[in-house]
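J.: Here is what each chain is made of, one letter per residue.
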Amino acid sequence: MEKTAERDVKVYEIGYLIVPSIPAEKIAAEISTIKDVLSKHKATVLSDETASLRSLAYTMVKKIGTVNRRFDSAYFGWIKFEAAPVEVRLIEKEVKEVESILRLLLINTVREHTLLSSKLDIETSDKNMAEGGAKHPVSTEDMDKSIDKTVSDLTVA
Amino acid sequence: MKQNFLSQNKVAYIDYKDIEVIKKFVNPHGRLIARKRTGVSANHQRQLANALKRARFLGLMPFVVR
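Going down the list, the sequences are from chains W and R.
My numbering applies: residue 2 is where the first sequence begins, and numbers increase by one.
My numbering applies: residue 1357 is where the second sequence begins, and numbers increase by one.
A few of these clues could be false.
[Said to hold, decoys possible] Heads up, simulated DSS-like pairs for lysine-lysine below, C-alpha to C-alpha not over 27 Å straight-line:
1. Lys1409(R) x Lys1380(R)
2. Lys1366(R) x Lys11(W)
3. Lys97(W) x Lys36(W)
4. Lys41(W) x Lys94(W)
5. Lys1380(R) x Lys36(W)
6. Lys94(W) x Lys1409(R)
7. Lys64(W) x Lys43(W)
8. Lys36(W) x Lys63(W)
9. Lys1366(R) x Lys1379(R)
10. Lys11(W) x Lys1409(R)
11. Lys1380(R) x Lys1392(R)
12. Lys36(W) x Lys94(W)
13. Lys27(W) x Lys97(W)
14. Lys1409(R) x Lys97(W)
15. Lys27(W) x Lys63(W)
16. Lys1409(R) x Lys64(W)
17. Lys94(W) x Lys27(W)
18. Lys64(W) x Lys97(W)
19. Lys1409(R) x Lys63(W)
20. Lys1392(R) x Lys1379(R)
21. Lys27(W) x Lys43(W)
[To be verified] Covered stretches of chain R (in silico footprint by chain W; criterion: 3 or more residues with CB under 8 Å from a CB of chain W, positions within the stretch not fixed):
22. 1365-1371
23. 1408-1417
[What the hints assert, rightly or not] Listed below are several chain R residues computed to face chain W (Cβ distance under 7 Å; list not exhaustive):
24. Asp1374
25. Glu1376
26. Ile1389
I should point out that these hints are in silico values taken from the structure, not numbers from a laboratory.
Idealized CB from N, CA, C, for every residue including glycine.
With the hints as extra help, turn the sequences into a complete structure.
T.: What follows is the structure, given as structure tokens:
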């Protein structure tokens, strides 16, 4: 019974924030430190996203040495992996001990690709701003037609 | 937003990294909108709540917007 429990694996995901004081060239090294911890605990990486610098929604505080440092931005990345449940708490503990990790989230997840924004092509406000307006330019004729249709639908209803 | 966006697109799992999706169900103060208003199923509302809490923890979403 114990042997089967050991062989059982579940899918987990680690979402992490790395302090922005680390130069961009050294981020790969930090990520490989996390991946080393995973491989040490016989976890299989299923998918991941390389950490990229992004601004945070609120200021986070991390005690480095004796000083409380405040961060408004961080490198955010995630790794989806498969591991035995008994190993997961150890993985979390060890990754948290990495000095450059600002914050860590370990969750149960599913094996399938879960990001909807790429699947459904949800228009982001940033994208719209960058492209200078609507994704598909609409002519005034088309707009008039659609308004007429909506009005006729409403009157019928 | 009475049409259920999540059910229409047959969403099975709401990811905390999908900020654009979560933002559709959050009010200008950063609070989750009641399903009475959004029309999402109870299951999706629970998933949204979880995803929002995770996104807040990682600083992807704010706890409060003043």
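J.: Confirm or reject each hint.
T.: Quick rundown of the hints versus the structure:
1. Lys1409(R) x Lys1380(R): holds (15 Å)
2. Lys1366(R) x Lys11(W): holds (24 Å)
3. Lys97(W) x Lys36(W): Holds. Lys97(W) to Lys36(W) sits at ~13 Å (cutoff 27 Å).
4. Lys41(W) x Lys94(W): Distance ~13 Å between Lys41(W) and Lys94(W) Cα, so the pair holds.
5. Lys1380(R) x Lys36(W): Distance of about 34 Å is beyond 27 Å: violated.
6. Lys94(W) x Lys1409(R): holds (21 Å)
7. Lys64(W) x Lys43(W): The hint is violated at about 31 Å.
8. Lys36(W) x Lys63(W): holds (23 Å)
9. Lys1366(R) x Lys1379(R): Judged against 27 Å, a Cα distance of about 18 Å means the pair holds.
10. Lys11(W) x Lys1409(R): holds (22 Å)
11. Lys1380(R) x Lys1392(R): holds (15 Å)
12. Lys36(W) x Lys94(W): Holds, at about 14 Å.
13. Lys27(W) x Lys97(W): holds (18 Å)
14. Lys1409(R) x Lys97(W): The given pair, whose Cα atoms are some 20 Å apart, holds under the 27 Å limit.
15. Lys27(W) x Lys63(W): Cα-Cα ~20 Å, so holds.
16. Lys1409(R) x Lys64(W): Measuring from Cα to Cα gives roughly 23 Å; hence the hint holds.
17. Lys94(W) x Lys27(W): holds (22 Å)
18. Lys64(W) x Lys97(W): holds (13 Å)
19. Lys1409(R) x Lys63(W): Roughly 20 Å between the alpha carbons, so the hint for Lys1409(R) and Lys63(W) holds.
20. Lys1392(R) x Lys1379(R): Holds: Lys1392(R) and Lys1379(R) sit about 17 Å apart, inside 27 Å.
21. Lys27(W) x Lys43(W): holds (25 Å)
22. 1365-1371: Coverage by chain W holds for the stretch 1365-1371 of chain R (6 residues, Cβ < 8 Å).
23. 1408-1417: Satisfied; 7 residues make the cut.
24. Asp1374: holds (5 Å)
25. Glu1376: holds (5 Å)
26. Ile1389: violated (17 Å)
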